[in-house]
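Chemist: Take a look at the letters that make up each chain.
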Amino acid sequence: AQTVTQSQPEMSVQEAETVTLSCTYDTSESDYYLFWYKQPPSRQMILVIRQEAYKQQNATENRFSVNFQKAAKSFSLKISDSQLGDAAMYFCAYNYGQNFVFGPGTRLSVLP
Amino acid sequence: GAGVSQSPRYKVAKRGQDVALRCDPISGHVSLFWYQQALGQGPEFLTYFQNEAQLDKSGLPSDRFFAERPEGSVSTLKIQRTQQEDSAVYLCASSVTGLGANVLTFGAGSRLTVL
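Those protein sequences? They're chains A and B, same order as listed. The letter at position 84 of the first sequence is residue 84 when you use the working numbering, and the numbering goes up by one with no holes. The letter at position 34 of the second sequence is residue 34 when you use the working numbering, and the numbering goes up by one with no holes.
Only chain B is shown next, with the shape it has when bound in the complex (with noise of 0.2 Å):
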């Protein structure tokens, strides 16, 4: 596609449900990270893939916290048993290589609310 895709733009969830967020990233682009951006912070990150291997996962702040890119494009970022710490954007990039060279192409993002 002509950009990074994030579905759903907004999610509201009862604390303990398991919230699931995806991540369409541009046709092509190797390299795709998650993030997590806190109201009025800089994005922290989280994951990181080249293709469908996950290369470093040393972001992602518990076990309840999980990603995949199964086919080395589509991804998705699944939080199991919400708690309300979790409420947050999550933002999506992707780039070519994952290299300075190239420069990240993020999302519009998928803001999680945890109630």
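One chain only, chain A, in its complex shape (with noise of 0.2 Å):
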């Protein structure tokens, strides 16, 4: 079975800094999708960006930017410039067909 593991439970970064999230997953299959997901404290998840296994090159979406390691199955979150608005939880999330598997989730804190 897949299984995705972050292991970083909270982070904390100072407003304006670059922090990075670690994500790392176990599968068989070669042709899968990636994503991180924002949970802020009103509960609804939102995606923040995706990253189809196939394409070596990574995602990226504004201030978000991922580090794919696809032989390392690693699949790391950079934000740069942090904002308070990014405080929350942050979801790695694996999909292949219609199963998707998220982890357990990193607390990210945005300092003043």
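Watch out, some of these pointers could steer you wrong.
To be verified - Some but not every residue of chain A turned toward chain B, in silico, with C-beta under 10 Å: (1) Ser12; (2) Ala16; (3) Tyr37; (4) Gln39; (5) Leu47; (6) Gln98; (7) Phe102; (8) Gly103.
If you are wondering where the hints come from, they were derived from the structure by calculation, not from laboratory data. Computed from a predicted structure; not experimentally measured. Using N, Cα and C, we set each Cβ at its ideal position, and we do this for glycine too.
Both chains come to you apart, so use the hints to assemble them.
Modeler: Listed below in structure tokens is the structure:
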């Protein structure tokens, strides 16, 4: 079975600084998708960024970028120029077919 | 609608009561998922619908949990004879096809507290 691991239960970053959240996963598939979702205290999960496993180029979305290492099964999220509104739970997710598996999450605090 | 709508947002039930949680997905979204999220944890898969067909219910924790989507749009998750361990946030998500090429759009969730 596929598993997703996030080894950092909590992280903090100074406003305007850069932070990297880690994620590793386990799968025997070669063609799959990876996601980072953000869940603010209001609870609604919001998509941050998506990566197709067959693409070698790392996905970027404005201040958010990923470091996708397929052989190592690693998928980290980098947040640049951190803002107060970035404070939330961040979930890494793996998808193959209709199977979506989420990690346990990393709580990110942004310090003013 | 513009987003995934869930109701009620909060539900308090006495142990042994039955509860029903509603999800109204984005119009035209074929796939619908239910997840259970315990406090401080990631979402755990419960069940998956493609239109009105329930294709996967392997995550339902017991036969007290039942989900339906009779007309391929609105879905209801029913929990019979609630237990304290059922206390969690129940998240609904929908997508156009359920494949990775499309992403899950989540509702705000229904927080169930069983006393």
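Chemist: Need the list of violated hint numbers for this structure, in ascending order.
Modeler: 1 and 2
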